[in-house]
Amino acid sequence: MPDVVVRKIATVIEEVFHEGGPRANVPQKRGAVVAVISNPYAGAYVEDIQPFMEDLKPLGLEMAQKLIDALGGDASVIEGYGKGSIVGTAGELEHGALWHAPGGYAMRELLGDAKAIVPSTKKVGAAGVRLDVPITHINASYVRGHFDAMEVGMNDAPRANELAFVLVMSTGARVHDRAGGLSANDIKGEDGLR
Amino acid sequence: MSADIRKIAVWVEETHQEAGRTISPATRKAVAVAVIANPFAGKYVEDLSPLMEIGAELGETLGKRCVEALGITAERAQSYGKAAMVGENGELEHAAALLHPKMGAPLRKEVEKGAALVPSSKKMGGPGQDLDVPLGHKDAAYVRSHFDGVEVRLNDAPRANEILVAIAVTDSGRPLPRVGGLTHTDAEGKDGLR
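Order-wise, the sequence lines are chains A and B.
My numbering puts the first sequence at residues 1 to 194.
My numbering puts the second sequence at residues 1001 to 1194.
Just to be clear, a hint being listed does not mean it is correct.
[What the hints assert, rightly or not] Restricting the straight-line Cα-Cα distance to at most 25 Å, the calculated cross-link-like pairs of lysine to aspartate or glutamate (DMTMM-like) are:
| # | chain 1 | residue 1 | chain 2 | residue 2 |
| --- | --- | --- | --- | --- |
| 1 | A | LYS66 | B | GLU1151 |
| 2 | A | LYS29 | B | GLU1151 |
| 3 | B | LYS1064 | A | GLU15 |
| 4 | A | LYS66 | A | GLU109 |
| 5 | A | LYS123 | A | ASP3 |
| 6 | B | LYS1064 | A | ASP74 |
| 7 | A | LYS123 | B | GLU1151 |
| 8 | A | LYS29 | A | ASP113 |
| 9 | A | LYS123 | B | ASP1156 |
| 10 | A | LYS123 | B | GLU1014 |
| 11 | A | LYS66 | B | GLU1014 |
| 12 | A | LYS66 | A | ASP113 |
| 13 | A | LYS66 | B | GLU1018 |
| 14 | B | LYS1109 | B | GLU1075 |
| 15 | B | LYS1113 | B | ASP1171 |
| 16 | B | LYS1043 | A | GLU19 |
| 17 | A | LYS29 | B | ASP1130 |
| 18 | A | LYS29 | B | GLU1060 |
| 19 | A | LYS66 | B | ASP1171 |
| 20 | B | LYS1109 | A | GLU15 |
| 21 | B | LYS1123 | A | ASP156 |
| 22 | A | LYS29 | B | GLU1014 |
| 23 | A | LYS57 | B | GLU1014 |
| 24 | B | LYS1102 | B | ASP1047 |
| 25 | A | LYS123 | B | ASP1130 |
| 26 | A | LYS29 | B | ASP1156 |
| 27 | A | LYS29 | B | ASP1004 |
| 28 | B | LYS1064 | A | GLU19 |
| 29 | B | LYS1123 | A | GLU19 |
| 30 | B | LYS1123 | A | GLU15 |
| 31 | B | LYS1123 | A | GLU151 |
| 32 | A | LYS57 | B | GLU1018 |
| 33 | A | LYS66 | B | GLU1068 |
| 34 | B | LYS1109 | B | GLU1151 |
| 35 | A | LYS29 | B | GLU1068 |
| 36 | A | LYS29 | B | GLU1057 |
| 37 | B | LYS1064 | A | ASP69 |
Hints listed in this document are in silico derivations from the structure and should not be mistaken for laboratory results.
Let the sequences and hints guide you as you build the complete structure.
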């Protein structure tokens, strides 16, 4: 099983007080954690890549905990989440898919019994590329106010032989949420959708 | 006049590996960014003192955010820097008013001492543009291992009538410094230079 070799970890927290409308009583927070690791499969086609998913689980948990801490340390205030991966140019898109299990597992593990699918995105890119990571409500994907996204990237990553894995979390709806639809107060939270 | 802050973002990055070598403890940089309304957008105003006051306010707010995000006590801060990017309806001089007259003193309180000049950079720019914040040792500007920089970028700022203001603080120098010069341990830190 390949080692997980971490070169860099970064967190970014945004606190949104307003966007031209009324100032929020509680500012919305959005945060991301990015880990830049060596891609053990860079440069060649490898058929069986699945064992690496298991190896990534501790990194996923470490990242999710770091992000919760950076958002204030209280997992109960997290209402939205998402994940993404960027594959350096010596890798293939499929390597980005290795993040599905460990990234989702880590956030569910630390956020209690989150019901909704974790929205995700992935791409191949070079250092400095930006990834728009989607965000939805952790228990009911259809909550309209929580549809959001966060742009992440790093000037020096991913290099050709690297992978950048991302987790994002938010503490609430868009700051001036007023496009209607299912409200977070009205969800049943049983099927992960409504 | 206090700052009309739309958004605050805090980025922390840790470097665990550089050129294949393990960096232990990891080098760490934090940069805190405030997106504020530009009170003088779209007009020429002679007296910029309100922006100078906002600069003082942000020196404290953003310096504190950096130190908190690094999870260190003030005396463990090693280098710092500041920068501003003015949206298109403003003027470069607005950045100067924020950064130079009054930001330094409150920032120095947050990082303890700070005998050295705070290195700075400024530009006009728009949403999604990179801003490179220069870094230098906080007590002895000639410490060569601590000359560095950190990039910040927000996809939605600064809008035309906004200014993005950034302060960076580290608890370390470059990951593998080996170009000689004055070192952190040999610096006296009295005159701000050596």
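Consistency of the hints with the structure:
1. Simply put, LYS66 of chain A and GLU1151 of chain B have alpha-carbon atoms about 21 Å apart, close enough for the 25 Å limit, and the pair holds.
2. For the proposed pair LYS29 of chain A and GLU1151 of chain B, the alpha carbon gap of about 21 Å is at most 25 Å, so the pair holds.
3. With a C-alpha separation of about 15 Å, the suggested pair LYS1064 of chain B and GLU15 of chain A falls inside the 25 Å cut-off, and the hint holds.
4. In summary, the hint linking LYS66 of chain A to GLU109 of chain A is supported, as the alpha carbons are separated by about 14 Å, within the 25 Å threshold.
5. The straight-line distance between the Cα atoms of LYS123 of chain A and ASP3 of chain A is roughly 23 Å, inside the 25 Å bound, and the hint therefore holds.
6. Annotation: proposed proximity of LYS1064 of chain B to ASP74 of chain A holds, straight-line Cα distance about 21 Å (limit 25 Å).
7. Only pairs whose Cα atoms come within 25 Å are accepted, and LYS123 of chain A paired with GLU1151 of chain B is accepted, the gap being roughly 22 Å.
8. For the hint linking LYS29 of chain A to ASP113 of chain A, the alpha-carbon distance of about 21 Å falls within 25 Å, and the restraint holds.
9. Of the pairs offered as hints, the one joining LYS123 of chain A and ASP1156 of chain B holds, with about 22 Å between alpha carbons and a cut-off of 25 Å not exceeded.
10. Restraint check for LYS123 of chain A and GLU1014 of chain B: satisfied, since their Cα atoms lie roughly 23 Å apart, inside the 25 Å limit.
11. Between LYS66 of chain A and GLU1014 of chain B the CA atoms are separated by roughly 12 Å; this keeps the pair inside 25 Å, and the hint holds.
12. This hinted pair checks out: LYS66 of chain A and ASP113 of chain A have alpha carbons roughly 19 Å apart, not beyond 25 Å.
13. Between LYS66 of chain A and GLU1018 of chain B, the direct Cα distance comes to roughly 22 Å. Compliance with the 25 Å bound is thereby established for this hinted pair.
14. Simply put, LYS1109 of chain B and GLU1075 of chain B have alpha-carbon atoms about 10 Å apart, close enough for the 25 Å limit, and the pair holds.
15. For the hint linking LYS1113 of chain B to ASP1171 of chain B, the alpha-carbon distance of about 14 Å falls within 25 Å, and the restraint holds.
16. For the hint pairing LYS1043 of chain B with GLU19 of chain A, the CA-to-CA distance comes to about 22 Å; that is within 25 Å, so the pair holds.
17. Between the alpha carbons of LYS29 of chain A and ASP1130 of chain B the distance comes to roughly 22 Å, so the proposed pair stays at or under 25 Å and holds.
18. For the hint pairing LYS29 of chain A with GLU1060 of chain B, the CA-to-CA distance comes to about 21 Å; that is within 25 Å, so the pair holds.
19. Under the criterion of a C-alpha separation no larger than 25 Å, the hint pairing LYS66 of chain A with ASP1171 of chain B is consistent with the structure, at around 18 Å.
20. Between the alpha carbons of LYS1109 of chain B and GLU15 of chain A the distance comes to roughly 24 Å, so the proposed pair stays at or under 25 Å and holds.
21. Proximity of LYS1123 of chain B to ASP156 of chain A is assessed by CA-CA distance (about 22 Å); at most 25 Å being required, the pair is judged to hold.
22. Proximity of LYS29 of chain A to GLU1014 of chain B is assessed by CA-CA distance (about 22 Å); at most 25 Å being required, the pair is judged to hold.
23. For the proposed pair LYS57 of chain A and GLU1014 of chain B, the alpha carbon gap of about 20 Å is at most 25 Å, so the pair holds.
24. Proposed proximity of LYS1102 of chain B and ASP1047 of chain B is supported: the alpha carbons are some 15 Å apart, at most 25 Å.
25. In summary, the hint linking LYS123 of chain A to ASP1130 of chain B is supported, as the alpha carbons are separated by about 21 Å, within the 25 Å threshold.
26. This hinted pair checks out: LYS29 of chain A and ASP1156 of chain B have alpha carbons roughly 15 Å apart, not beyond 25 Å.
27. Among the hinted pairs, LYS29 of chain A with ASP1004 of chain B is consistent with the structure: their alpha-carbon atoms are about 18 Å apart, no more than 25 Å.
28. Between LYS1064 of chain B and GLU19 of chain A the CA atoms are separated by roughly 24 Å; this keeps the pair inside 25 Å, and the hint holds.
29. Annotation: proposed proximity of LYS1123 of chain B to GLU19 of chain A holds, straight-line Cα distance about 23 Å (limit 25 Å).
30. Between LYS1123 of chain B and GLU15 of chain A, the direct Cα distance comes to roughly 24 Å. Compliance with the 25 Å bound is thereby established for this hinted pair.
31. Under the criterion of a C-alpha separation no larger than 25 Å, the hint pairing LYS1123 of chain B with GLU151 of chain A is consistent with the structure, at around 22 Å.
32. For the suggested pair LYS57 of chain A and GLU1018 of chain B, the alpha carbons sit about 24 Å apart, so the restraint of at most 25 Å is met.
33. Distance restraint check for LYS66 of chain A and GLU1068 of chain B: the Cα-Cα separation of roughly 14 Å lies within the 25 Å cut-off, and the hinted pair is therefore satisfied.
34. Distance restraint check for LYS1109 of chain B and GLU1151 of chain B: the Cα-Cα separation of roughly 24 Å lies within the 25 Å cut-off, and the hinted pair is therefore satisfied.
35. For the proposed pair LYS29 of chain A and GLU1068 of chain B, the alpha carbon gap of about 16 Å is at most 25 Å, so the pair holds.
36. At most 25 Å may separate the alpha-carbon atoms for a hinted pair to count; LYS29 of chain A and GLU1057 of chain B meet this at roughly 22 Å.
37. In summary, the hint linking LYS1064 of chain B to ASP69 of chain A is supported, as the alpha carbons are separated by about 17 Å, within the 25 Å threshold.
The structure meets every hint from the earlier list without exception.
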